[in-house]
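**Student:** Build the full structure now, drawing on both the sequences and the hints.
Letter by letter, the chains look like this.
Protein chains: 2
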Amino acid sequence: MRYHKIPDETVRRLPLYLRGLQSLLEKGQNSISSKGLADFLGVNPWQIRKDFSYFGDFGTRGVGYKVEHLVKQIRKILKLGAVHKAALIGVGNLGLALLAYQGFKVYGFEVVAAFDVDSKKIGKKINNITIENVSNIKTLKKRKISLGIIAAPREAAQETAETLVKAGVKGILNFSPCYITVPGKIKVITIDIAMDLARLPYYMPSC
Amino acid sequence: MRYHKIPDETVRRLPLYLRGLQSLLEKGQNSISSKGLADFLGVNPWQIRKDFSYFGDFGTRGVGYKVEHLVKQIRKILKLGAVHKAALIGVGNLGLALLAYQGFKVYGFEVVAAFDVDSKKIGKKINNITIENVSNIKTLKKRKISLGIIAAPREAAQETAETLVKAGVKGILNFSPCYITVPGKIKVITIDIAMDLARLPYYMPSC
Numbered sequence: 752m753r754y755h756k757i758p759d760e761t762v763r764r765l766p767l768y769l770r771g772l773q774s775l776l777e778k779g780q781n782s783i784s785s786k787g788l789a790d791f792l793g794v795n796p797w798q799i800r801k802d803f804s805y806f807g808d809f810g811t812r813g814v815g816y817k818v819e820h821l822v823k824q825i826r827k828i829l830k831l832g833a834v835h836k837a838a839l840i841g842v843g844n845l846g847l848a849l850l851a852y853q854g855f856k857v858y859g860f861e862v863v864a865a866f867d868v869d870s871k872k873i874g875k876k877i878n879n880i881t882i883e884n885v886s887n888i889k890t891l892k893k894r895k896i897s898l899g900i901i902a903a904p905r906e907a908a909q910e911t912a913e914t915l916v917k918a919g920v921k922g923i924l925n926f927s928p929c930y931i932t933v934p935g936k937i938k939v940i941t942i943d944i945a946m947d948l949a950r951l952p953y954y955m956p957s958c
Numbered sequence: 752m753r754y755h756k757i758p759d760e761t762v763r764r765l766p767l768y769l770r771g772l773q774s775l776l777e778k779g780q781n782s783i784s785s786k787g788l789a790d791f792l793g794v795n796p797w798q799i800r801k802d803f804s805y806f807g808d809f810g811t812r813g814v815g816y817k818v819e820h821l822v823k824q825i826r827k828i829l830k831l832g833a834v835h836k837a838a839l840i841g842v843g844n845l846g847l848a849l850l851a852y853q854g855f856k857v858y859g860f861e862v863v864a865a866f867d868v869d870s871k872k873i874g875k876k877i878n879n880i881t882i883e884n885v886s887n888i889k890t891l892k893k894r895k896i897s898l899g900i901i902a903a904p905r906e907a908a909q910e911t912a913e914t915l916v917k918a919g920v921k922g923i924l925n926f927s928p929c930y931i932t933v934p935g936k937i938k939v940i941t942i943d944i945a946m947d948l949a950r951l952p953y954y955m956p957s958c
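Heads up: the sequence lines are chains A and B, in that order. Just so we're aligned, residue 752 is where the first sequence starts under the working numbering, counting upward by one. Just so we're aligned, residue 752 is where the second sequence starts under the working numbering, counting upward by one.
Bear in mind the hints are in silico, worked out from the structure with no lab data behind them. Any given hint might turn out to be false.
Same chains, same label: a pair holds when it works inside one copy or across any pair of copies.
Below, computed lysine to aspartate or glutamate pairings styled on DMTMM-like, alpha-carbon distance capped at 25 Å [claimed, not checked]:
id	residue 1	residue 2
1	K936	E777
2	K872	E777
3	K856	D943
4	K938	E861
5	K856	D759
6	K778	E906
7	K921	D943
8	K836	D943
**Tutor:** Right under this line is the structure:
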């Protein structure tokens with residue numbers, strides 16, 4: 752099921768809500784008030800209510816939210832039920848960190864392949880994944896790998912993205928600090944940590 | 752100068768605008784229409800106008816924006832003029848990737864110190880930075896390092912944050928996939944890549 756006209760900003764916040772709710776569940780808390788949830792997540796109560804309003808009414812006035820129900824609903828909205836296979840391109844320091852990263856599984860992602868151009872790396876096995884030559888990227892469609900994670904150097908990012916699109920991926924997580932241009936139906940999420948770091952000084956007292 | 756009542760979401764978008772505008776400047780483009788800028792950045796024109804409206808009027812009707820002026824204004828708003836010294840805690844794969852990352856400089860950040868608990872790493876020199884024992888974190892204030900970058904394992908993140916706060920940092924960039932609790936005046940930005948990856952399936956066709 753795909754919900755229409757949901758603002759990107761809401762879709763951006765849903766995973767944050769989900770992470771918070773999941774940690775409440777782990778603590779054994781099964782219901783929470785609108786205000787309690789807002790405080791826990793560090794956002795405004797009206798923001799949460801507005802975001803949830805796009806999907807119908809999740810809470811009950813005076814009772815609040817059922818945490819487990821909410822987790823299920825958000826996972827459904829985000830289509831996190833399925834397992835998505837992902838391929839990593841670029842096995843430098845960042846790539847190695849991503850291969851070791853445990854956070855993917857929580858959201859139904861599985862990194863099942865890794866590619867590099869460096870002949871010294873090709874053939875090596877890391878976390879049960881054998882690093883392949885980038886020329887093998889063309890096999891992704893056959894292997895039902897629909898997500899690409901780009902951890903290649905900046906200058907190789909655009910070409911890598913185009914290769915991934917040709918290989919049939921539907922989504923790209925881009926760690927190179929640059930714009931990537933792909934056909935509109937392919938969703939690209941660029942993670943540029945400098946973008947986050949650049950927000951910090953604004954909140955800091957003069958130094 | 753600190754502007755008040757600016758929504759976090761606007762502050763979140765300003766670095767994205769800045770990055771786009773800087774890349775326009777690099778291409779030699781000195782003015783751009785509101786719509787042109789929106790298309791280039793992949794956001795709605797009304798969003799840009801609304802975000803800029805918090806700071807006064809940047810554009811001229813019928814003429815558009817002067818790119819260089821806009822870059823200067825946004826850098827000023829984000830207080831990016833100064834050089835901020837940052838310390839990295841945790842020199843694993845992710846930490847190594849961060850030490851090599853060139854994107855910090857663009858926003859006036861300089862990673863000048865790195866810390867780890869592993870005696871095999873302490874004393875090693877990476878990109879001109881000698882890895883120090885975490886016990887040295889207490890020297891940050893004296894060294895005028897006001898930002899901490901946590902790339903430590905999840906279970907060490909909270910303790911690391913507390914140590915950083917005691918050492919006088921004003922902002923923390925947290926790469927551990929967990930919540931960190933610190934006094935309200937310290938700004939924490941957590942980068943959990945799974946949060947971004949979790950948004951991808953929503954935009955993808957059923958697979």
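**Student:** Find the hints from earlier in the document that the structure breaks and name them by number, from lowest to highest.
**Tutor:** Hint check: 1, 2 fail, others pass.
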